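Listed below are the residues making up each chain.
2 protein chains.
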Amino acid sequence: MRFNVENTDGNARAGILETSHSKIETPAYMPCGTTGAVKGVRWSELEEIGYRLVLMNALHLYLRPGIEIVSDSGKVHGFSTWNGSILTDSGGYQFFSLKGLYKIDNSGVSFQSPYDGSKHRFSPESVVDSQVRLGLDIIMPLDHCAPGDASREKIKQAGERTVDWLGKAKNRFNEIGDETQALFGIFQGGAHFDLRNEYLEQSFKLDLPGYAMGGISVGEDREEGEAIVREITPLMPSEKPRYLMGVGLPGQILDGIQSGIDMFDCVLPTRMARNGTLFTSEGRLNLRNSRFITDDKPLDPECSCGTCKRYSRGYLSHLHKVGDPGVLGLLSVHNLAYYKKLVTDARDAIKGQNFNKWKSETESRWAEGVQ
Amino acid sequence: MRFNVENTDGNARAGILETSHSKIETPAYMPCGTTGAVKGVRWSELEEIGYRLVLMNALHLYLRPGIEIVSDSGKVHGFSTWNGSILTDSGGYQFFSLKGLYKIDNSGVSFQSPYDGSKHRFSPESVVDSQVRLGLDIIMPLDHCAPGDASREKIKQAGERTVDWLGKAKNRFNEIGDETQALFGIFQGGAHFDLRNEYLEQSFKLDLPGYAMGGISVGEDREEGEAIVREITPLMPSEKPRYLMGVGLPGQILDGIQSGIDMFDCVLPTRMARNGTLFTSEGRLNLRNSRFITDDKPLDPECSCGTCKRYSRGYLSHLHKVGDPGVLGLLSVHNLAYYKKLVTDARDAIKGQNFNKWKSETESRWAEGVQ
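Protein chains in written order, with the working numbering: chain A, 49 to 419; chain B, 49 to 419.
Quick caveat, the hints were computed from the structure, so don't treat them as lab data.
None of these values were measured; they are calculated from a predicted model.
Among the hints, erroneous ones may be present.
Claimed, not checked - Restricting the straight-line Cα-Cα distance to at most 30 Å, the calculated cross-link-like pairs of lysine-lysine (BS3-like) are:
{"#": "1", "chain 1": "B", "residue 1": "Lys357", "chain 2": "B", "residue 2": "Lys345"}
{"#": "2", "chain 1": "A", "residue 1": "Lys369", "chain 2": "B", "residue 2": "Lys202"}
{"#": "3", "chain 1": "B", "residue 1": "Lys345", "chain 2": "A", "residue 2": "Lys357"}
{"#": "4", "chain 1": "B", "residue 1": "Lys151", "chain 2": "B", "residue 2": "Lys202"}
{"#": "5", "chain 1": "B", "residue 1": "Lys357", "chain 2": "A", "residue 2": "Lys357"}
Put together the whole structure using the sequences plus the hints.
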């Protein structure tokens with residue numbers, strides 16, 4: 049994996065991330081194909097939008113269909129037929145959603161499958177093993193992400209554990225990792241500046257090829273989370289890609305870019321699309337609003353995605369109302385195209401030394417709202 | 049609308065049906081886009097398979113989003129963006145599924161919307177009005193389709209009513225119909241040869257541009273239904289397209305073609321695909337069978353559809369198991385491609401005076417089953 053920052057504008061950076069599967073322009077948003085596909089979307093549609101890097105989830109693939117099956121079926125690329133780059137999250141964050149079904153200790157996590165009740169154990173090492181076998185481009189280590197409203201003590205414990213596990217993950221990756229793969233670091237620390245500083249220093253000493261800030265947008269006070277991103281990002285190594293995990297809405301993406309983040313993932317654009325909420329150049333559009341049934345305009349007249357090129361708000365609103373499964377993909381395609389254009393425009397603005405002005409103009413247009 | 053039979057082989061016919069929107073090779077199967085879309089499938093995918101004619105349902109469009117909305121949004125073609133030909137069923141058959149919510153009498157049907165309980169009245173005339181406003185290529189009249197296990201008396205009543213309504217529909221269509229549109233006739237009569245003969249003669253006197261046999265595969269004894277298709281089809285006017293409504297599975301399609309049917313529709317290929325049942329050159333494949341998770345072959349190695357060109361049984365089986373909405377479309381694409389190839393191969397066999405031999409060979413391969 050290679051990464052080069054080509055331009056900066058304040059803290060914002062425009063770069064190129066290169067894996068053995070593709071070159072990715074940064075800042076980059078990664079569509080979430082958690083279970084091995086972006087829900088309802090054809091790979092050809094992602095390719096057409098211009099995506100070259102997607103996120104999947106190693107825990108989900110471990111549970112269904114299983115690491116061995118994927119590994120024996122040409123690894124994730126061969127199995128899924130996605131030919132771009134793939135980053136997998138380890139599942140550390142997902143253990144939140146298995147409430148009561150997991151138990152975390154200093155050496156790993158024990159949990160039950162929500163599908164068949166079977167018992168499993170993840171360690172920092174086993175999670176690297178799985179992801180190496182999956183053949184990923186970028187591997188995220190097992191981390192412990194405490195909820196945003198947890199006590200300082202709990203956040204401290206989780207943050208220290210995350211640093212400890214990162215060392216173990218690195219050792220394991222050095223033993224078995226493939227040179228076409230990259231293990232990133234994650235650091236935690238909640239909304240506590242001193243803890244964040246401590247863990248980032250400790251994890252940066254491990255000299256991994258990229259670093260991710262975890263534990264943002266996990267229930268902490270919003271302004272405190274924003275302040276952490278703003279203050280801590282510039283302290284992350286400038287020559288390596290910086291990844292803000294699980295964030296966010298378009299405004300959060302632009303804030304992150306302004307602070308110097310290079311990579312984002314978030315399920316919201318696709319999940320909200322499936323629920324009928326679309327992002328447009330004029331702000332959000334709620335397709336469930338009955339007035340759109342007679343609206344022959346595309347979702348966003350400024351968008352050139354496959355959905356906007358062909359379909360009207362009226363027809364899409366009808367399909368959403370009657371529950372056609374295909375419309376979930378058509379709407380997701382639009383939101384993903386919107387996110388791609390957003391980060392591409394941001395990149396152009398950075399290269400033109402115009403990022404802050406472009407950011408305020410873009411945000412003020414959202415405030416107008418879809419007429 | 050124009051129709052020409054170009055070749056015959058026994059009773060089987062190869063022809064061309066031409067509407068103002070497209071030329072369609074017959075025998076033709078029509079994918080069902082009941083609510084204005086083929087569930088989960090992109091129009092571009094249907095176009096790529098080579099479909100030029102789809103079926104929609106005027107009752108469904110009447111209820112949601114409403115005739116006026118569609119009519120004001122560029123009629124069905126403009127609203128849906130499907131640029132090929134469209135035939136709509138009137139909804140006569142669908143009244144079955146509104147059990148208890150409809151009441152039929154000699155001048156029409158009163159029913160309640162299953163969505164909001166609102167009350168509606170359909171007459172043979174109003175159904176023509178709606179379909180003319182929708183801008184369809186082929187309009188099916190309101191018919192009364194009695195269940196296959198109904199008494200002779202009930203089937204007689206429904207069959208006479210259907211003939212009576214057809215006359216009324218024709219009168220209305222002559223007043224308001226567009227020259228780019230065609231009103232087809234429907235005749236009923238259940239599994240009673242004498243009734244079928246009587247109604248077909250009466251309806252043929254109305255000299256409509258195409259005729260449909262209704263009331264087959266609606267619960268009658270299977271062999272009796274097959275005998276009706278076999279004996280009655282050759283009595284339908286030979287210079288006009290013959291449409292067997294709602295039938296059927298691949299074997300029933302081939303039987304229908306052998307008897308001289310030119311057009312078919314059936315929801316089964318798409319509904320079964322969504323449930324994980326695929327048609328292949330070697331017979332049916334049940335994707336829910338756990339052995340397919342490690343199978344890297346395409347659904348049908350002889351198929352060249354977008355799904356078979358890219359995806360393995362293993363990956364599709366995984367997506368089906370995790371409930372990805374996109375796989376419903378990918379599987380439907382395959383079954384629709386299978387049906388298209390089936391009728392295209394049948395057409396080639398008819399042109400080569402080889403239909404019966406090709407039919408037996410094709411059917412015997414199905415018996416082998418997918419290994």
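Hint-by-hint comparison with the structure:
{"no.": "1", "hint": "Lys357/B x Lys345/B", "verdict": "10 Å, holds"}
{"no.": "2", "hint": "Lys369/A x Lys202/B", "verdict": "37 Å, violated"}
{"no.": "3", "hint": "Lys345/B x Lys357/A", "verdict": "34 Å, violated"}
{"no.": "4", "hint": "Lys151/B x Lys202/B", "verdict": "14 Å, holds"}
{"no.": "5", "hint": "Lys357/B x Lys357/A", "verdict": "26 Å, holds"}
When the structure is compared with the earlier hints, violations turn up for hints 2, 3 and for no others.
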